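Protein chains in written order, with my numbering: chain A, 1 to 606; chain B, 1 to 340.
A couple of the hints might just be wrong.
[Said to hold, decoys possible] Mimicking DSS-like on lysine-lysine, the simulated pairs with C-alpha atoms at most 25 angstroms apart in a straight line are:
no., chain 1, residue 1, chain 2, residue 2
1, A, Lys421, A, Lys256
2, A, Lys121, A, Lys183
3, B, Lys263, B, Lys241
4, B, Lys149, B, Lys194
5, B, Lys325, A, Lys401
6, A, Lys77, A, Lys572
7, A, Lys170, A, Lys210
8, A, Lys170, A, Lys183
9, B, Lys325, A, Lys398
10, B, Lys194, B, Lys13
11, A, Lys398, A, Lys256
12, B, Lys325, A, Lys256
13, A, Lys167, B, Lys322
14, A, Lys210, B, Lys325
15, A, Lys371, A, Lys489
16, A, Lys537, A, Lys572
17, A, Lys371, A, Lys421
18, A, Lys256, B, Lys322
19, B, Lys235, B, Lys263
20, A, Lys170, B, Lys322
21, B, Lys149, B, Lys135
By construction, these hints were calculated from the structure, which means they are not laboratory data.
The structure displayed is predicted, hence computed values, not measured ones.
Below, each chain spelled out in residue letters.
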Amino acid sequence: MQVTGDQFTLAAALARNDLATFPDYPAEIRAPVGTTYGVSGFQIHFGADDVFTPGDAPDVLVAMNPAALTTNLRDLKRGGLLIVNSDEFKAANLRKAGYAANPLEDGSLSSWDVLAIDITKLTQAAVASTGLSSKEAARCKNFWTLGLMYWIYGRSLEPTVRWLEAKFAKRPELVAANVQALKAGHAYGETAEISHHRYDVPPAAVQPGKYRNISGNIATAWGLLAAGQLTGLPVVMGAYPITPASDVLHELSRHKALGVTTVQAEDEIAAICVAIGASYAGSLGVTVTSGPGMALKTEALGLAVSTELPLVVVNVQRGGPSTGLPTKTEQADLFQAVYGRNGEAPICVLAAATPADCFAMAIEAARIAVKYMTPVILLTDGYLANGAEPWRVPDVSKLAKIPVTQRTEVEGFHPFVRDPKTLARAWAVPGTPGLTHRIGGIEKDFKSGHISYSPENHELMSRTREAKILGIAEDIPEQGIEVGADHGKLLVLGWGSTYGAIREAVSRCRARGLDVSHAHLRNLHPFPRNLGALLGKFERVLVPEMNLGQLVRLIRSQYLLPAISYTKIQGKPFKVDEIESRIRQELEPGDRPSATNGSSAVHEEP
Amino acid sequence: MNDVVQPTPLTRKDFSSDQDVRWCPGCGDYSILANVQRVLPELGVRPENMVWVSGIGCSSRFPYYMSTYGFHTIHGRAPAIATGIRAANPDLSVWLVTGDGDGLSIGGNHLMHCLRRNVDLRMLLFNNRIYGLTKGQYSPTSEAGKVTKSTPDGSTDYPIDPASLALGCGSSFVARAIDVDADLLGAVLRRAGKHHGSAFVEIYQNCVVFNDGAFDAFTAPEVRPERTIRCEHGKPLLFGKEKNRGLRIRPGTLELEVIELGKDGMTEADVLVHDETNAPLAMLLAHMPFPEFPVATGVLHAVERQTYDAALAAQHEAAAAKSGKLSLQQLFETGETWTV
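Could you put together the complete structure from these sequences and hints?
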């Protein structure tokens with residue numbers, strides 16, 4: 001199903017629609033077919049206007065069996081088009097999905113425009129000439145359905161035919177069967193008198209340039225590749241496979257020719273230690289993980305803070321705590337990123353807002369890491385990692401170079417001699433004559449870098465490390481406004497992957513005449529230097545998050561503002577409607593639509 | 001004009017830092033440090049091209065006393081950090097110092113994977129069979145029933161043998177030495193220094209404060225010849241002051257036995273000749289129960305095989321040759337794109 005979704009996405013992108021996607025698949029590798037927990041879904045929102053989210057309520061739902069229908073029907077708009085594979089609506093499957101009666105026959109689907117098609121049988125008939133067994137032939141039904149969808153939306157079959165030819169180059173019989181299925185599904189649309197279901201979605205108006213579709217994990221990997229080139233440093237990634245972060249490791253391990261070394265370490269601790277060792281030796285050390293792995297890296301992060309080595313740590317957040325919801329999304333690791341270490345161990349924390357934004361933020365993380373000799377945590381999440389959107393391919397030669405200084409001057413050297421402006425310590429790399437030195441996790445003397453247990457020195461070093469990180473605020477962009485005025489009644493302040501939903505919700509509310517603006521934080525620690533002043537220009541600040549209220553507490557504690565928390569923790573992104581309702585609840589007190597779908601507002605003071 | 005500048009020969013002083021050594025008086029670590037500083041100049045690696053990496057524990061203070069690059073890291077993780085250093089710069093000579101707690105307890109996993117990968121580094125494990133820095137708890141190499149502060153009724157664990165573990169991990173070089181046996185330690189360090197791949201060296205090291213005399217039964221000078229056997233490649237496995245006892249495979253078994261030359265018609269021809277490339281033999285030697293057998297020292301096992309670093313480098317070269325010079329721009333434009 002994910003493959004079909006990817007192909008449909010590509011077709012929409014090639015038709016120049018703006019789009020956003022949301023794959024939703026089970027944690028189990030091959031969950032039993034027909035069960036509700038085995039349903040693998042793929043949602044896409046595309047259009048001729050700007051698209052910021054995968055959408056709240058689909059206009060079209062394709063359900064390949066009863067389990068897919070029962071898990072997704074609640075989201076389909078009333079009156080929307082429902083395409084079902086009626087072959088699969090047999091007693092056993094209906095039972096597995098919890099249906100007492102066949103919904104195709106009992107009238108329960110009368111609110112929707114149902115197109116029930118014997119997709120399995122039609123597919124088997126279409127590929128009969130290829131000699132595949134009937135079981136193998138039935139496996140082509142997704143491509144038959146894709147062909148029908150291509151007819152409905154007037155898409156070209158060619159890119160998918162090319163993809164099948166490349167994918168199954170060694171199994172020509174599979175290419176033939178899937179192409180025949182694809183074409184048969186397309187032809188079915190022509191002949192089955194369903195032309196009232198055809199849609200024309202014209203191209204979106206976007207900035208001129210060359211575009212491609214990109215997911216957050218690939219954008220993160222490519223950002224790290226670019227960071228290597230822009231700094232002129234080899235990139236060494238230590239990583240341990242973990243959902244939903246592994247694709248970053250997979251992608252980087254394909255690009256040795258671009259100067260990347262990947263080490264699949266024995267565990268999460270070793271993974272970050274490999275990266276720290278690499279940075280110590282003069283490379284750009286990076287590691288990527290998700291929540292439980294982040295917990296294991298905690299001690300080593302402290303070492304990187306103490307030894308002041310550059311390091312990029314990407315946390316692709318997922319539902320927690322513990323194993324939690326491995327394939328679902330959440331934003332509950334913000335406190336962990338900002339505070340989660342023993343001792344006073346300040347670290348710069350960034351967050352990407354959209355899948356494509358992961359590219360720029362990965363580069364920014366590397367820039368700060370090498371300039372300030374510090375670990376930088378980049379927070380993405382499962383929604384960004386697997387979601388995709390069109391990305392305007394940058395001209396690599398025009399990306400800003402990142403200057404890197406590795407010390408060679410012997411005069412006046414000690415390992416903790418600092419740049420007076422950035423407070424970054426000297427990066428003296430093994431192999432450099434005259435600069436041999438020893439560093440470690442024990443406190444260092446401010447003036448010599450030697451071991452020191454002096455009380456005054458520890459205070460000085462602790463405050464210096466803190467000042468260094470807070471000083472980054474002078475080196476990052478001021479906080480801007482995404483939508484709306486820079487003052488007014490209500491500011492919706494978001495961070496991370498809630499970007500699309502907030503932006504669309506705020507835009508809708510403004511269209512209703514409400515005085516609301518949207519600001520989105522990419523710098524979580526330190527905050528942009530003007531943030532306090534900006535927040536002060538609004539009567540109220542609303543902070544939607546996929547956790548129990550973490551950014552809101554940071555904002556309250558830093559600026560002593562009674563910011564309002566709005567949270568959702570279901571492993572699923574916010575719907576635009578949910579945020580829109582919450583904004584209206586704030587600004588239209590007479591007309592209080594309640595938040596939908598079980599979301600609850602958290603108002604308590606920390 | 002073609003003056004060849006002869007590099008000044010390195011001396012022990014080139015490897016000694018200006019920091020006061022803070023081990024307890026009489027600690028076996030002093031002897032190890034002195035021997036390391038004595039042998040290193042012979043390897044011809046300049047101090048700036050050498051990195052000493054350690055974890056946490058008494059032994060892990062070692063890098064501070066070397067005037068090379070040094071990284072005193074966190075408990076048990078030195079092998080992983082050293083792997084990162086080698087991955088980033090395979091030209092550096094990397095030495096790792098660990099102990100029985102750091103390397104076998106909290107860091108056992110990293111030690112295992114470092115050795116199996118054959119990362120090109122030297123790993124010196126100072127085994128004193130006790131936790132010293134935390135003031136005297138039993139360690140993974142403490143004998144069963146060890147009474148310590150944390151085990152007032154005796155430990156209930158069986159100990160692990162570090163050399164056997166290293167052999168089990170597929171280490172390409174496994175040796176044993178004794179802190180106070182300068183000749184043996186020097187010879188082992190020289191060999192380890194020249195080995196390509198993970199060179200694992202277990203050093204029996206006496207902790208005077210918390211486990212004094214732990215190895216006296218075979219390391220004390222008066223018993224050492226009778227209670228240890230120094231393994232040297234290609235030489236018969238003989239021991240004893242008179243070199244009159246030796247090891248052989250007990251006929252019809254897969255066991256070693258001690259034989260006495262001149263007794264029961266035994267001659268030197270009956271004695272097993274040490275073959276350091278033979279891993280099963282190394283395992284038999286490492287496993288010999290004491291005091292029925294002597295403790296095997298020296299280079300138990302050494303083979304050359306591709307190192308992790310070399311394999312990485314080979315993949316990089318192959319990738320560069322295969323994709324030519326695919327630029328980042330080209331990568332970004334691979335697959336389906338569209339122009340607006």
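Can you list which hints this structure breaks, lowest number first? Of the numbered hints given earlier, those the structure breaks are 1, 4, 7, 15, 16, listed in rising order.
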